[in-house]
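Engineer: This is what each chain is made of:
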Amino acid sequence: MRLIAVLDALEALRAALWPRAFRRFTGAVFLLPAVALVFILVAGLAWMGDASLRLLDTETFEVSEAYTLANYGQIAGQATYWIVLGRSVVGATIVTAVALMLAFPYAYVMVRTRSAWTRKLLLVSLFLPFFIGQVVRAYGWLIVLGREGLLNTFFGTFGIGPFRMIYNYPSVLFGLVQYLLPFAVLLIAPAITAIDEEVELASESLGAHWLRTFRHVTLPLAKPGLVAAGLVVFTLALTDYAMPVILGGGTNDFIANAVYDAFFRISDSGLGSAVAIVLVLIATLLAGIILTVLGAGTLGFSEDRR
Amino acid sequence: MTGVRGKQAVLWTIVIVNLVALAAPTLVILGASFTTGNIITFPPEGFSLRWYGKVFGSVALRDAFLRSLWVSLVCTLIAVPAGTLAALALARYRIRFANALQLYLLLPFTVPLIGAGMGMLMLFGEMGILGSLWPVGLACCVINLPFMIWAVLASVNALDADLENAAANCGAPPLHAFCTVTLPAVAPGIITGALLMFVLAFNEFLVSLLLTDANTVTLPVSIYNSIRNIITPDLAAVSVVYILVATTVIWLLDHFVGLETFLKSK
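Protein sequences, first through last, are from chains C and V. First residue of the first sequence: 43, per the working numbering; consecutive thereafter. First residue of the second sequence: 1222, per the working numbering; consecutive thereafter.
For the record, the hints were derived by calculation from the structure and aren't laboratory data. Computed from a prediction, not measured in an experiment: that's the story for all the values here. Ideal placement from N, C-alpha and C gives every residue a C-beta, glycine not left out. No false leads were slipped in.
When the alpha-carbon atoms are kept at most 25 Å apart in a straight line, the in silico BS3-like pairs for lysine-lysine are as follows:
1) Lys1228(V) <-> Lys162(C)
2) Lys1485(V) <-> Lys265(C)
3) Lys1485(V) <-> Lys162(C)
4) Lys1228(V) <-> Lys1485(V)
5) Lys1228(V) <-> Lys265(C)
Simulated coverage check for chain V against chain C, where a stretch passes if three residues somewhere in it have a Cβ under 8 Å from a Cβ of chain C:
6) 1247-1259
7) 1325-1333
8) 1341-1348
Same shape as in the complex, but just chain C:
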């Protein structure tokens, strides 16, 4: 009863502040805080875009008043940036392929298993690393793969090694796959749930081998999940900072590391901004193309996401 009284009071307050006539604006008002929050990001990007068009005078450390494309010219003319870009794109492609191949069966088993216990185990195994964060996980891999690490000690007992398993390209890719697996599984799983199991059973009862069923029934129907997972994994891998710096040890920089170095090592905010803007454009363009061609998949906010 007291709740009702409180609600009545609040209702009166609402009626005074927000009369019926305003009601058609309610939706817009509800959206305002979220729109404002994302605007912080947009404003930051705009600021960076502006900085990218100004040249830093290396003698006075002042930025130019006039706009120029010199920073972008410098990026295009430097082989290092092309190498870093190529390494990031190739790396992200490999990581996406491997992560999807590993994640799909995991999501499939997790959704289809009859045992609630198995499902819980698979879910917890997925959420635990997801919630532990990149730095701690990378640190764990350093202990496993390092020169004096778990694997090299193990190989040592057989008199082989030590092998160099960190500070190289494969270790970065490996770390990225492990970091992104939970994202991939969690985006694929809802798409598999949406597939009626009887469709698969129908295919198998008509004599199709399970691999054929998988290829011609399950995979095509799970496309929304695969698209969303592929997009998220690819962009996150392409733009990652932590894995290349911790597991690559500076030997295998990705674009994000180049941005960081331009800002904090070379201290050239114009150049750093330009590299960052290029990365933002590449990622946004890719996401835009994939989203328009293939739809938002399980990533979208709206209900008609298939």
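The hints should help you fit chain V onto chain C, whose structure is shown.
Structural biologist: Chain V in isolation, oriented as in the chain C frame:
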């Protein structure tokens, strides 16, 4: 036969590869944190809580931990109302330019973190608010906001709009209907979103690295700085804090919402 056995064998082989890769760092860190030695060796030398003692005695680490908690709290407190209202608006109200708005609200997902982080660093620097902790929480909220909207939307979409209409038909004014019908039904989504926002902010590394200085380092940054120097077992003991926080959040999620909701198609 269509090879059911073969199917199970192949699927489970891949699942086990996944499980090993997912669990290895966590298990290794747990093991290493209990060593008695000064360096991490295999098998670990003896069993002791020595490094835990050292970690708990370290003022710098304790401060970094508290700062991370504060950042996560700020992030969650901003995200919960903003994300919930946005989700309700997207699901329940006619919005002009709804499609464009959805794409706009997905921007934090499509803009690379280094771009978002550096942009906010320059913006916050210009505004003169760098050096405080709350902008770090705000930044974490911005970059993860779609998770919050998403979590709440899943609950709103699951709620039959006719229930709200029924309440209105029976004479409940809007706020009554909202508090007694909509809010309880959406609560699981809000809890899920809040927990996600909290734990993601607690883990956030890159944006923290960019927006903090020597006086405001958060726990992930402080761990990262130590990794670059030497790898000692005290780091493993600190990392166990993360394993504990993650375990707690998973338990809460499972208890209040059920982990299985993440498998549902929305």
